[in-house]
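Those protein sequence lines, which keep their order, are chains H and U. Using the numbering used here, the first residue of the first sequence is number 55, and each one after it goes up by one. Using the numbering used here, the first residue of the second sequence is number 55, and each one after it goes up by one.
None of these hints come from the bench; they were simulated from the model.
Copies of one chain are not kept apart here, so a pair can be met inside one copy or by any two copies together.
Subject to a maximum C-alpha distance of 16 Å in a straight line, what follows is the list of computed EDC-like cross-link-like pairs (lysine to aspartate or glutamate):
| # | residue 1 | residue 2 |
| --- | --- | --- |
| 1 | Lys377 | Asp360 |
| 2 | Lys193 | Glu78 |
| 3 | Lys166 | Glu156 |
| 4 | Lys193 | Glu239 |
| 5 | Lys377 | Glu153 |
| 6 | Lys257 | Glu216 |
| 7 | Lys193 | Asp79 |
Number of protein chains: 2
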Amino acid sequence: MIRVGIVGYGNVGRGAESALLQSEDMILTGIYTRRDPETMQPMGKTKVYPLSSLLEGAAEADVLLLCGGSATDLPVQTPELAQRYCVVDTFDTHARIPEHFENVDRAAKAGKTAAIISTGWDPGLFSLMRLLGAAILPKGTGDTFWGPGVSQGHSDAVRRIEGVADARQYTIPVQRTVNAVRRGESGFTAREKHTREVYVVLKEGADPQKVAREIITMPNYFDEYDTTVHFISREEMAAEHGNMPHGGFVIRSGGLGSEGQYPSLMEFKLELASNPMFTGAVMAAFGRACYRLHQQGRTGCFTVLDVPLGLLSPLSSEELRSKLV
Amino acid sequence: MIRVGIVGYGNVGRGAESALLQSEDMILTGIYTRRDPETMQPMGKTKVYPLSSLLEGAAEADVLLLCGGSATDLPVQTPELAQRYCVVDTFDTHARIPEHFENVDRAAKAGKTAAIISTGWDPGLFSLMRLLGAAILPKGTGDTFWGPGVSQGHSDAVRRIEGVADARQYTIPVQRTVNAVRRGESGFTAREKHTREVYVVLKEGADPQKVAREIITMPNYFDEYDTTVHFISREEMAAEHGNMPHGGFVIRSGGLGSEGQYPSLMEFKLELASNPMFTGAVMAAFGRACYRLHQQGRTGCFTVLDVPLGLLSPLSSEELRSKLV
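Produce the complete structure using the sequences and hints provided.
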């Protein structure tokens, strides 16, 4: 059994926990949190420890799944913990991946551990699909669409507006642009690719027009998109918008043959009732791969593109060749 | 530049040639054929050599793409050539992959070369997708559908019937079963998953009823399916059925969360105007990976599940991390 620890027990941590409960070759040996361990209620009977115990190197874990946030948690935690443990994270600030990789690589090499960063589905599975598309159809075009689904970052941004009690933001792909990308068209703007739908619960006395204007004109988050704002009650928010569905697709289209006369379309799609549950499931599989890489004597930092996918499976290479290839 | 040779110049060989012409880091240095080299007309100015010259070890190639058939060519050629060259094949007899792997592994280890077998799209890309689905949603269900597209094997089987001058067989997924698999249903029969449409040109004097009956009742190929037979003219065959479109999809569906209450759907789809052109393109990308594995000092036989996907790209790991992950 591969002994796995979960670091950070929010939505993604619970997703990782739930995935480990479905796995027959991995066992959850501990949950590590910055909050008061007494207040945590794991699904199984897993013990909850203070995060600090990890830095003392006290954990009985072959690999840790780091379920913190990319803004402030992971840039510190992943290199710090990689000095002592094999670790997997979901670092998703695309622009800072090279820097994060270097930091984690240095720590993991020093600690003779293995680390896989930026797992999950984007980055993660979608990175794998972009790679396949570009490698097989190098003269093609393609694009990634997200949704329909809840964007945590955009929801948070709306919640910070004065007068907003709660908010949920859905990102929705524009179907006619999706179809155009399938046909090999490219060069679409942010506005042409996705629309945004925002559901807002107002604080008492807040001015809906003012809030709507602030949302729609918010730089980077909303100003480049067509955004619709809906005001709803606290009850409706709880009843209709409690889950965190998400998904999206990666499309690659290209012509093969001497004149590019044979259109080829590759498409990968995810439809997820719960974004954090699926993210946790992807992390768990990469946790297995991380453990196995380390067992093979590999150390340092890896991305999903560096990992042979067979290592994600509990089956041996022989079993995979006879059952699955 | 990676120097690549193509062995076998049929439809897939031409697909590989066309893919290499689109690639900026690989150069086609020779085409090797059992037929008379004088009669071959490559798209570029590539020289055509007799296959026997390879066995003398005379080829200036870093890697060979073996484009012969799985029935009789590859079981012999891949191990034989792996003793001297890095090789990639598309061996697709699923049941014999373990045996083929062992033969090629022995030859490649003896020759200190690297070999990747069973590339293409199924086995190949679809194997990767089945692996991802099973590893991430272990308690889920899933299935692979093929088509709409031309099955070479089934077309050949019909051509062998007395009275048949030419034939083309299309495999068509049954949409309502596809939708059921997306919803997580499983256990469908061959008949429920695909229908078969056969277009036949009869020889003069042949009895259409007799031919149709022979097709529909043919064991393994047709008896387990609902098959429709259409008789057409030689002209219609040439005009309407000259290409070899194909495609299909791999679906994995599973519930996450403590009670499996969060449905998750992963789906990979291919729509290909030309099956052999796309197969050749996949081979070319794995040719690059094979060369790189060998450069890293790796020898022996690999399947697509053993290859880090980053090796398929001409970009370096650093470039991939900053541009694509």
